[in-house]
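Peer 1: Chain by chain, the residues:
Protein chains: 4
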Amino acid sequence: MTTSVAILGASGYTGAELVRLIASHPGLRITALTGERKAGQPMAQVFAFLRHLDLPDLTRIEDVDFNAIDLAFCALPHATAQAVLRDLPAHLRIVDLSADFRLRDPAEYQKWYGKPHAAPDLQREAVYGLTEFYRDEIRAARLVAGTGCNAALGQYLLRPLVAAGVIDLDRIILDLKCGVSGAGRALKENLLHAELSEGGQAYAVGGTHRHLGEFDQELSREAGRPVRIQFTPHLLPFNRGVLATAWLDGDAAELHAVLQARYCDESMIHMLPFGTTPSTHDVRGSNFVHIGVVGDRVPGRALVVGVLDNLCKGSSGQAIQNANLMLGLDETTGLMGAPVFP
Amino acid sequence: MTTSVAILGASGYTGAELVRLIASHPGLRITALTGERKAGQPMAQVFAFLRHLDLPDLTRIEDVDFNAIDLAFCALPHATAQAVLRDLPAHLRIVDLSADFRLRDPAEYQKWYGKPHAAPDLQREAVYGLTEFYRDEIRAARLVAGTGCNAALGQYLLRPLVAAGVIDLDRIILDLKCGVSGAGRALKENLLHAELSEGGQAYAVGGTHRHLGEFDQELSREAGRPVRIQFTPHLLPFNRGVLATAWLDGDAAELHAVLQARYCDESMIHMLPFGTTPSTHDVRGSNFVHIGVVGDRVPGRALVVGVLDNLCKGSSGQAIQNANLMLGLDETTGLMGAPVFP
Amino acid sequence: MTTSVAILGASGYTGAELVRLIASHPGLRITALTGERKAGQPMAQVFAFLRHLDLPDLTRIEDVDFNAIDLAFCALPHATAQAVLRDLPAHLRIVDLSADFRLRDPAEYQKWYGKPHAAPDLQREAVYGLTEFYRDEIRAARLVAGTGCNAALGQYLLRPLVAAGVIDLDRIILDLKCGVSGAGRALKENLLHAELSEGGQAYAVGGTHRHLGEFDQELSREAGRPVRIQFTPHLLPFNRGVLATAWLDGDAAELHAVLQARYCDESMIHMLPFGTTPSTHDVRGSNFVHIGVVGDRVPGRALVVGVLDNLCKGSSGQAIQNANLMLGLDETTGLMGAPVFP
Amino acid sequence: MTTSVAILGASGYTGAELVRLIASHPGLRITALTGERKAGQPMAQVFAFLRHLDLPDLTRIEDVDFNAIDLAFCALPHATAQAVLRDLPAHLRIVDLSADFRLRDPAEYQKWYGKPHAAPDLQREAVYGLTEFYRDEIRAARLVAGTGCNAALGQYLLRPLVAAGVIDLDRIILDLKCGVSGAGRALKENLLHAELSEGGQAYAVGGTHRHLGEFDQELSREAGRPVRIQFTPHLLPFNRGVLATAWLDGDAAELHAVLQARYCDESMIHMLPFGTTPSTHDVRGSNFVHIGVVGDRVPGRALVVGVLDNLCKGSSGQAIQNANLMLGLDETTGLMGAPVFP
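So the protein sequences, as listed, match chains E, Z, G and D.
Here numbering that gives the first Met the number 0 is used: the first residue of the first sequence is 0, the next is one more, and so on.
Here numbering that gives the first Met the number 0 is used: the first residue of the second sequence is 0, the next is one more, and so on.
Here numbering that gives the first Met the number 0 is used: the first residue of the third sequence is 0, the next is one more, and so on.
Here numbering that gives the first Met the number 0 is used: the first residue of the fourth sequence is 0, the next is one more, and so on.
No lab work stands behind these hints: they were computed from the structure.
Any given hint could be a false lead.
What the hints assert, rightly or not - Keeping only pairs whose Cα atoms sit at most 30 Å apart, straight-line, the calculated BS3-like set for lysine-lysine is:
(1) E:LYS37 to E:LYS187
(2) E:LYS37 to G:LYS187
(3) G:LYS110 to G:LYS187
(4) Z:LYS187 to D:LYS37
(5) Z:LYS110 to Z:LYS187
(6) D:LYS187 to Z:LYS37
(7) D:LYS37 to D:LYS187
(8) E:LYS187 to E:LYS114
(9) Z:LYS187 to D:LYS187
(10) E:LYS187 to G:LYS187
(11) E:LYS187 to G:LYS37
(12) D:LYS187 to D:LYS110
(13) D:LYS114 to D:LYS37
(14) E:LYS187 to E:LYS110
Starting from the given sequences, assemble the full structure and let the hints guide the process.
Peer 2: Listed below in structure tokens is the structure:
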């Protein structure tokens with residue numbers, strides 16, 4: 000038996016990635032695809048790489064018959080998502096990929112996103128979608144809020160260490176190297192090939208990146224006291240992938256042991272042998288996370304390095320993993336495809 | 000019931016691509032992986048992107064127990080392949096990805112590869128593996144010779160047109176734009192990132208590329224008279240993909256109609272609407288071919304443009320498609336995964 | 000003594016390239032830079048790579064004191080250029096980089112650009128700026144029209160051959176591989192890094208590219224009878240460079256000899272040894288053209304392959320070369336900088 | 000009057016970059032180029048981008064007439080350099096680009112490079128070539144040791160801060176994002192386009208990168224006490240450029256003021272406005288360094304971010320800057336060329 004799903008906002012990269020993954024998912028069937036500006040167009044016109052699939056044309060959200068749909072993936076921009084989801088029928092399960100329901104505290108939401116939340120009831124209801132740390136809540140949830148891609152990776156590196164008390168909580172530095180698809184299909188000069196290829200730069204410097212709100216919320220919860228990490232992302236010339244380097248105060252061998260113990264039963268998270276570090280090339284197009292730990296030459300300092308594919312495990316793959324849980328399916332269904340290399 | 004397969008030469012890109020595809024193939028199980036120089040190593044060490052899979056370690060070919068194996072994919076370099084395959088047990092079905100068994104005529108082989116064939120009996124026995132044109136022979140074959148990636152794409156564009164007599168056979172120009180993975184994992188200066196990225200160049204100019212032997216053999220067969228095309232490949236800075244531009248004398252609308260009629264029932268080959276042309280981005284990581292036809296402003300001249308992923312449909316995907324036929328499976332088993340975009 | 004120059008439209012790539020080149024030109028001094036939407040901004044804000052230079056801020060054109068200026072480079076978009084140049088004072092020498100003055104015949108202009116020309120007197124006055132073929136006219140000109148980058152390269156390959164009568168004029172195929180900066184700083188989805196890197200595609204197919212108007216005009220003039228070539232560009236993932244493959248009917252050795260004789264005294268155009276072909280990597284950032292000739296295996300057919308940097312020799316470098324001529328300077332002044340490799 | 004120079008090891012990237020820069024240097028003339036494995040070849044064959052220049056063919060070192068040469072740039076691999084330089088005539092000024100003479104302490108050399116130094120007298124004599132910090136010594140030197148490219152950039156960020164005592168010396172973290180040309184023209188799998196493009200990874204993790212020896216020596220000297228920074232480089236898919244992110248304990252505004260004061264009279268080092276950070280795109284192909292400072296959201300923590308072109312300011316440009324000093328020329332001669340963008 001398959002579940003009928005809609006993808007709201009299917010003309011962006013995460014929407015397209017959802018289609019790609021669902022196409023080989025045995026338990027989900029795409030019943031509706033929406034895209035306001037491209038309504039009426041076949042998906043093959045918006046994303047020619049989906050040409051081989053038999054898909055519904057893009058429609059406007061108001062033209063979707065939600066009675067025929069069990070679960071909606073919402074890949075709309077933030078702010079839009081809350082306005083839309085507020086009005087959807089109550090029977091629908093929802094996996095939201097936007098930033099709108101990640102922060103539980105309305106004040107925090109307003110601080111990071113600059114205006115009051117438009118759907119505070121939903122905000123309260125939403126479960127934070129970091130699968131490996133919220134499984135039970137996700138299984139029971141009606142609305143799951145997908146995490147930020149950078150926030151997901153950072154938490155995979157840090158949460159077990161914070162919980163275990165093996166690192167200095169006031170000395171957490173996360174230096175991120177991010178691929179460009181994380182910025183979406185936005186038409187901005189700095190995302191043009193001519194300006195982005197062949198070089199790199201920092202962005203959202205000085206602790207201004209909105210994913211910090213998630214880190215604050217989640218790591219403080221894990222620690223039982225406020226934790227405020229330092230985090231700067233860098234935009235580098237590749238399309239998929241995030242490479243996170245965590246500079247930590249702690250014993251590297253102990254850190255490796257803690258992470259190994261935490262993730263040894265996880266299907267999606269793979270620890271590398273101690274002293275080795277991963278490459279984004281090795282998770283591209285997949286739902287996997289690779290993590291390595293190495294000691295610095297300065298005693299008591301360690302590096303934890305992790306990678307994931309921002310569009311898959313960092314976003315659409317995570318969304319499907321959560322949908323699987325919500326629907327009572329095996330969590331890994333449709334998500335075990337190998338990375339594409341080279 | 001699954002079939003036990005070996006991959007000979009699993010430390011190169013086509014070997015790794017076979018592993019990637021077989022990992023989500025319900026009817027095949029990898030029993031042995033060989034790699035002479037890397038024998039003894041786990042695959043995760045040679046290709047970290049396969050870390051999540053439970054795979055046999057690399058071994059030497061002489062250490063493989065072929066009694067436990069039903070079918071071998073041979074991804075060895077040319078010349079090596081013929082020497083190895085000659086000595087394998089007769090019960091084995093073999094899908095060879097090298098260039099060794101593509102040419103039927105020993106004289107042609109010697110002309111293009113510079114020395115006599117070492118396994119002429121096998122050469123006679125081998126079936127040319129262009130799936131859509133040799134289905135019946137492949138079903139019955141013990142040894143199937145994978146085509147060249149460029150040769151495959153060129154034939155998809157040209158064979159139906161040659162057969163239908165709708166183009167001038169003495170005026171076939173094929174201008175290819177090739178990604179770098181087609182050159183394999185070879186350590187050559189011109190394949191270094193620093194020398195290859197950010198620019199392009201022709202190679203194998205002047206009609207010297209070995210895939211011309213295949214074109215001569217196959218198009219002449221299709222035409223019933225000698226056909227000698229002009230063909231120059233260009234090395235461009237992307238990893239997967241071949242973009243072929245065929246400059247032809249013929250009526251574009253008629254060409255489109257012929258190709259449309261020929262491929263309308265094919266799962267893997269997709270015709271674009273008349274007047275539009277495809278992008279390699281849209282087949283990356285997949286087994287699909289996209290073909291477009293457009294008329295030139297000069298009357299009676301047409302462009303046929305096609306794309307495929309050289310490692311997948313051009314090599315390892317084709318190999319699995321052929322193996323499916325040889326094993327009586329649905330031809331598309333394990334091969335319908337969507338491309339990865341962006 | 001230095002000449003005061005203005006750059007109109009300095010916020011685009013060709014404008015910035017003019018600044019780069021003029022910065023090390025001993026005879027030119029930048030007195031004004033214009034950019035309508037970015038008026039008031041320092042250039043270092045629009046192009047941080049020019050930070051080390053002491054440059055005037057961007058202004059509106061109407062705020063430029065043209066009395067203080069001897070020569071204006073116009074890097075405005077087409078259509079805008081003609082409207083602006085029409086109203087500039089008569090003492091100004093002008094090198095236009097837009098498409099507005101390339102076509103002499105008003106009917107041809109209307110055909111390719113879709114509306115009547117707004118400055119027909121200037122159009123008549125303009126000299127076509129392919130330096131090596133219009134030196135005397137350029138020396139005497141007040142208004143020089145820069146060529147299209149693709150048109151320039153194609154003409155370097157073809158003009159001497161057309162003039163010498165050594166190729167079949169009805170069989171000229173030009174297959175171009177173009178870097179992305181040729182499309183300018185335009186915000187379009189297909190120019191985003193995520194959509195353009197890692198693959199390729201044809202564009203302006205079917206003989207619709209506007210540079211065809213230039214080819215028609217110039218090659219017909221060279222031949223003394225109408226010549227209509229076939230020409231399709233392909234967008235490939237590099238920033239600077241055009242790689243042109245001309246598929247011709249003619250004797251390769253004779254073609255090489257004709258080109259060699261024509262270019263042996265040219266500073267900017269370098270013939271490669273017969274049988275070898277060039278790479279765009281080797282002209283990046285420079286004003287040089289490299290050309291190679293090779294015979295096809297089909298007798299009587301030849302390939303001529305050429306490369307240039309579209310922003311430099313294809314546009315801004317050419318403009319300075321022409322300005323040098325107009326000002327009585329050595330033609331190569333400021334233009335002999337070596338390419339940047341890797 | 001021009002100075003005759005030789006480039007020893009001209010077949011690598013830094014050798015070629017020296018040729019590129021010297022080609023437009025008014026005071027230097029290339030008299031000899033050596034390359035052991037490619038001796039006898041013209042440079043245009045080894046580096047086609049130098050085709051337009053009139054250069055001596057590559058020779059073996061023993062065939063160079065050093066009597067006709069005033070200064071030698073040595074771009075040989077480390078270990079080779081010391082063996083060769085030991086035997087050169089004493090009248091020669093030498094700018095070495097290898098790692099052989101960077102460390103003053105023989106024990107440190109042995110620690111980082113694994114064997115005793117073969118030319119300890121030269122090692123003692125050599126002056127460390129970080130131009131802006133050793134000007135007087137370089138002017139008087141016979142042998143100048145070029146710095147590591149990463150070490151140069153790191154020191155530009157850190158030296159003034161260490162000297163001014165405005166950062167915690169036990170909390171210096173340097174996270175580097177490095178382009179691939181820094182690895183040279185070496186034939187290694189991880190430098191292939193197919194393996195390096197489209198992703199990133201850390202390397203030399205755990206404080207094992209040899210440039211750490213330079214940091215230890217130079218920063219300790221600046222501080223007057225041992226300083227041991229944490230430093231991990233990451234290999235990213237661009238050819239030229241290093242992006243360094245320094246995570247520091249200190250007051251950001253104070254840090255910016257210190258750096259601004261230190262570099263305000265330097266031609267090559269440009270401070271960005273407070274709160275902004277640089278991009279490698281903006282220094283590509285040039286001898287410039289851009290540095291930005293920003294405060295973290297965590298009080299008392301700051302980021303200092305810098306960029307340079309590893310082949311130019313990080314290596315060959317630095318070498319020429321030092322040669323200019325040694326020869327009594329203006330230090331910036333031949334080095335003020337603008338970056339190439341895009």
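Peer 1: Look at each hint and say if it fits the structure.
Peer 2: A quick look at each hint next to the structure:
1. E:LYS37 to E:LYS187: It holds: about 20 Å lies between the C-alpha atoms, which stays within 30 Å.
2. E:LYS37 to G:LYS187: holds (16 Å)
3. G:LYS110 to G:LYS187: Distance of about 25 Å is within 30 Å: holds.
4. Z:LYS187 to D:LYS37: Satisfied, since the Cα-Cα distance of roughly 16 Å is no more than 30 Å.
5. Z:LYS110 to Z:LYS187: holds (25 Å)
6. D:LYS187 to Z:LYS37: holds (16 Å)
7. D:LYS37 to D:LYS187: It holds: about 20 Å lies between the C-alpha atoms, which stays within 30 Å.
8. E:LYS187 to E:LYS114: holds (24 Å)
9. Z:LYS187 to D:LYS187: holds (9 Å)
10. E:LYS187 to G:LYS187: Measuring from Cα to Cα gives roughly 9 Å; hence the hint holds.
11. E:LYS187 to G:LYS37: Cα-Cα ~16 Å, so holds.
12. D:LYS187 to D:LYS110: Since the Cα atoms of LYS187 (chain D) and LYS110 (chain D) sit roughly 25 Å apart, the hinted pair holds (cutoff 30 Å).
13. D:LYS114 to D:LYS37: holds (28 Å)
14. E:LYS187 to E:LYS110: Satisfied, since the Cα-Cα distance of roughly 25 Å is no more than 30 Å.
In the structure shown, no violation is registered for any of the earlier numbered hints.
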